[in-house]
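Chemist: Put together the whole structure using the sequences plus the hints.
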Amino acid sequence: MCKAQRWSCFWILSFLCLFFSGCGEDSETVKITFIGPLTGGVSAGGLGGRNSADLAISLRNQAPDTKYKYELVSLDDECKPNIGVQVATKAAANKDIVAGVTHYCSAVAMGTVDVYHKFNLPVIVWGAVLPDITYGNDYLEIHRINGTMINQNTVAAEFMRSQNFSKWAVIHDTTDYGKGHFKYFQSALSKSEGTILATFGVNPDQQDFTAELTKIKALNPEVIYFGGLAPTGVRIRAQMDKLGMTQVFQGTSGIVSDAFIDGVGGLAEGVLAFREGAPTEKLPGGKMFMEAYEARNFNEPAEAYGAFAFAATNLIIDVIEQVGPDRMLIRDELNATQGHQSIVGPVTFDDHGQNTIAVITKYVVQDGEWVVWEDSEYASGKRFLK
Amino acid sequence: MDLGFIAQYFVNGLVQGITYALVAVGFTLFFGVLDVIKFSHGDVLMLGAFTALALFLGLDQLASPAWLSLIIMLCIGILAMGLLGALLCKFLVLPLKESPPLNTLLITLMFGSVIRESVRLFFPNGSNPKPFPALLPEASINWGNLNLRLDSVILISTGALAIVVTHLIIQKTRIGLAIRAVAQDEETARLMGIDFKKTVLATFALGSGLAALSGISTGLYYQEINFSMGLMLGVIGFSAAVVGGLGSIYGAIVGGLLFAFLQTLGAIWFSVPAYKDVFAFAVIIILMAWRPTGLLADRSAERV
Chain A
1 MCKAQRWSCF WILSFLCLFF SGCGEDSETV KITFIGPLTG GVSAGGLGGR NSADLAISLR
61 NQAPDTKYKY ELVSLDDECK PNIGVQVATK AAANKDIVAG VTHYCSAVAM GTVDVYHKFN
121 LPVIVWGAVL PDITYGNDYL EIHRINGTMI NQNTVAAEFM RSQNFSKWAV IHDTTDYGKG
181 HFKYFQSALS KSEGTILATF GVNPDQQDFT AELTKIKALN PEVIYFGGLA PTGVRIRAQM
241 DKLGMTQVFQ GTSGIVSDAF IDGVGGLAEG VLAFREGAPT EKLPGGKMFM EAYEARNFNE
301 PAEAYGAFAF AATNLIIDVI EQVGPDRMLI RDELNATQGH QSIVGPVTFD DHGQNTIAVI
361 TKYVVQDGEW VVWEDSEYAS GKRFLK
Chain B
1 MDLGFIAQYF VNGLVQGITY ALVAVGFTLF FGVLDVIKFS HGDVLMLGAF TALALFLGLD
61 QLASPAWLSL IIMLCIGILA MGLLGALLCK FLVLPLKESP PLNTLLITLM FGSVIRESVR
121 LFFPNGSNPK PFPALLPEAS INWGNLNLRL DSVILISTGA LAIVVTHLII QKTRIGLAIR
181 AVAQDEETAR LMGIDFKKTV LATFALGSGL AALSGISTGL YYQEINFSMG LMLGVIGFSA
241 AVVGGLGSIY GAIVGGLLFA FLQTLGAIWF SVPAYKDVFA FAVIIILMAW RPTGLLADRS
301 AERV
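Note that the protein sequences, when read in sequence, are chains A and B. The first sequence lines up with residues 1 to 386 when you count with the numbering used here. The second sequence lines up with residues 1 to 304 when you count with the numbering used here.
Do not take every clue at face value.
Simulated crosslink set (EDC-like; lysine to aspartate or glutamate; CA at most 20 Å straight-line) [to be verified]:
| no. | chain 1 | residue 1 | chain 2 | residue 2 |
| --- | --- | --- | --- | --- |
| 1 | B | K198 | B | D277 |
| 2 | B | K130 | A | D132 |
| 3 | A | K80 | A | D132 |
| 4 | B | K130 | A | D262 |
| 5 | B | K130 | A | E300 |
Facing chain A, from chain B, some residues (calculated, C-beta under 7 Å) [what the hints assert, rightly or not]:
| no. | residue |
| --- | --- |
| 6 | N12 |
| 7 | F111 |
| 8 | A139 |
| 9 | W143 |
| 10 | N147 |
| 11 | R149 |
| 12 | T264 |
Please keep in mind that the hints were generated in silico from the structure rather than gathered at the bench. Idealized CB from N, CA, C, for every residue including glycine.
Modeler: Pasting the structure below:
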């Protein structure tokens with residue numbers, strides 16, 4: 001190679017190096033993980049959350065003043081604790097992932113908090129409601145944007161008593177989620193002088209509930225309280241009808257989904273449930289979120305907790321924009337969150353990383369839709385809970 | 001306790017018991033002719049239900065009336081699983097006839113996993129529970145505290161009829177005579193001119209067809225099916241067949257009904273219904289210890 005050729009090569013290589021390193025600085029890719037149930041019985045909620053997180057990422061990537069290019073790494077926990085721990089470990093062990101929007105199922109979230117703490121991966125829980133996820137540990141990495149089941153059940157007990165119901169039979173699944181709901185509902189009901197006639201802890205995979213329901217039928221309660229998720233709720237509500245049972249069916253946030261109504265069809269009419277936070281369309285940024293979500297033409301609806309996943313992803317991105325893609329810096333910045341404006345309202349994390357949401361919304365199924373109680377014909381007296 | 005509630009428990013148990021009995025009859029037929037345990041039986045049941053669901057979705061597009069859809073689903077579902085059972089026997093079970101029984105047990109277990117995971121992976125959204133259409137009449141009659149639904153009556157009657165027809169096939173037809181002959185003594189049956197292979201294939205087709213009927217009945221009753229539904233039904237059906245006496249159709253019926261009523265009793269007695277399976281299986285263990293060859297065994301059974 002002659003001297004002129006050597007110099008040519010040198011200048012070409014130098015130019016290429018400068019060009020590509022420059023590109024890297026402008027669009028450094030930052031990875032955020034989303035973990036939720038993307039398959040299985042409660043996948044409707046998980047897919048809605050995943051789409052919402054994806055929407056937050058894509059909107060931010062389109063914004064001109066964004067410092068980084070964001071990428072969502074979606075993982076499926078199947079709403080199973082053992083699978084959840086596997087995928088949480090996979091995400092936490094990946095150094096490119098700097099934060100996570102994690103878990104719809106409480107039992108899974110309970111199993112994974114130790115993993116996130118061990119790997120110093122800051123996460124924001126977007127759907128799981130068991131109080132112990134944030135209050136059962138002192139981990140700085142764990143935050144939650146949605147509320148807990150304590151307030152949910154307090155409001156549920158007070159509301160149902162105000163409707164003059166006094167006798168309940170309880171069916172709850174034996175996961176942390178179901179047991180937690182039962183515990184807090186029982187506690188709230190004892191303060192308002194309601195009576196629980198019988199309690200049944202059931203396996204979430206159980207298919208036949210006719211024996212339990214026949215036993216409940218003999219006790220003749222006014223309300224059947226169900227602490228669990230939509231698939232089990234669908235089976236119980238459908239089998240109540242097979243036994244000619246007309247008691248009011250009261251659920252928790254776990255059944256506030258289109259999947260429940262689709263599963264039981266007309267039998268969903270008059271079913272009650274409670275969920276923390278306001279309905280998406282009534283949230284401060286709910287209208288914008290719904291319009292943006294519809295514009296993306298996702299195959300699945302956002303479901304009840306989609307807005308929380310969107311807000312959690314946005315909060316993480318805001319923090320990364322401030323402190324950079326560093327796990328420890330993100331963690332500390334998240335812990336200092338005070339009054340951060342989001343589509344679910346201002347977010348303030350307490351010393352356990354729990355957002356202090358006090359609003360609980362009461363829902364009733366009316367004509368195949370979850371309707372806020374106050375807006376329903378049941379509240380106005382046109383229809384009656386049976 | 002009120003008589004109406006007792007009757008309600010009885011009806012609930014009967015619906016479940018018939019389902020279990022249909023599965024148990026399959027196990028007992030396979031063991032009777034070939035002394036094999038086909039551990040993919042529960043998954044064949046599940047595949048039968050999914051086949052029927054796929055047929056329904058297709059027929060629904062053609063605006064087929066519900067009764068016609070149901071008949072087509074039952075016929076094709078049962079025939080398809082019968083064919084699958086015969087093919088499984090021909091290509092996986094018979095070639096291993098001279099090998100240790102453990103090999104057959106393992107290969108059917110693995111085949112069951114293949115069926116299960118294939119449905120999970122290849123059926124659209126196969127890992128999610130699937131709503132099954134309510135194609136049976138939903139009328140009900142109330143007698144005191146008993147609510148008797150027409151769909152329950154139809155499912156109990158259909159299951160009982162299927163078992164009676166199976167019994168008649170075994171007792172009154174030439175193929176049934178061949179099945180009984182092979183079950184009693186394979187060598188002598190061959191010497192008497194019975195086509196051993198054809199007899200065994202027919203038995204596997206019959207048992208697998210019954211599994212498909214059981215799967216479709218489960219879907220019609222609970223209006224939901226999922227890819228793992230065959231696991232528990234397979235274990236319960238096998239336990240029912242063993243406790244009743246492997247090789248005895250009457251034993252399978254008794255075992256199936258016994259298991260369902262034990263579950264019902266467990267649900268009544270224990271405040272945590274999850275214990276009902278623990279209770280039912282514990283009683284089955286005690287019964288097996290007491291009568292190792294089964295309650296109604298008509299031949300000596302091998303321990304498995």
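Chemist: Determine for every hint whether it applies to the structure shown.
Modeler: We went through each hint and held it up to the structure:
1. The hinted pair formed by K198(B) and D277(B) fails the criterion: a straight-line CA distance of about 39 Å is larger than 20 Å.
2. A C-alpha spacing of about 33 Å is found between K130(B) and D132(A), which places the hinted pair above 20 Å, so the restraint is violated.
3. A threshold of 20 Å between alpha carbons decides the hint, and for K80(A) with D132(A) the separation of about 18 Å falls inside it, so the pair holds.
4. For the given pair, K130(B) sits about 11 Å from D262(A) by alpha-carbon distance, which is consistent with the 20 Å threshold.
5. With a CA separation close to 16 Å, the supplied pair K130(B) and E300(A) stays within the 20 Å bound.
6. Restraint check, N12(B) versus chain A: the minimum CB separation of about 4 Å is within 7 Å; hint holds.
7. Taking 7 Å as the C-beta contact cut-off toward chain A, the hint placing F111(B) at the interface is violated, the least distance being around 23 Å.
8. For A139(B), the interface hint is violated, since its Cβ never comes within 7 Å of a Cβ in chain A; the closest pair sits about 12 Å apart.
9. Interface hint status for W143(B): violated, as the beta-carbon distance to the closest one in chain A is roughly 11 Å, over 7 Å.
10. A distance limit of 7 Å between C-beta atoms decides the matter here; for N147(B) the minimum to chain A is near 3 Å, and the interface restraint holds.
11. A distance limit of 7 Å between C-beta atoms decides the matter here; for R149(B) the minimum to chain A is near 6 Å, and the interface restraint holds.
12. The restraint placing T264(B) at the interface with chain A holds, with a minimum CB-CB distance near 5 Å, inside the 7 Å limit.
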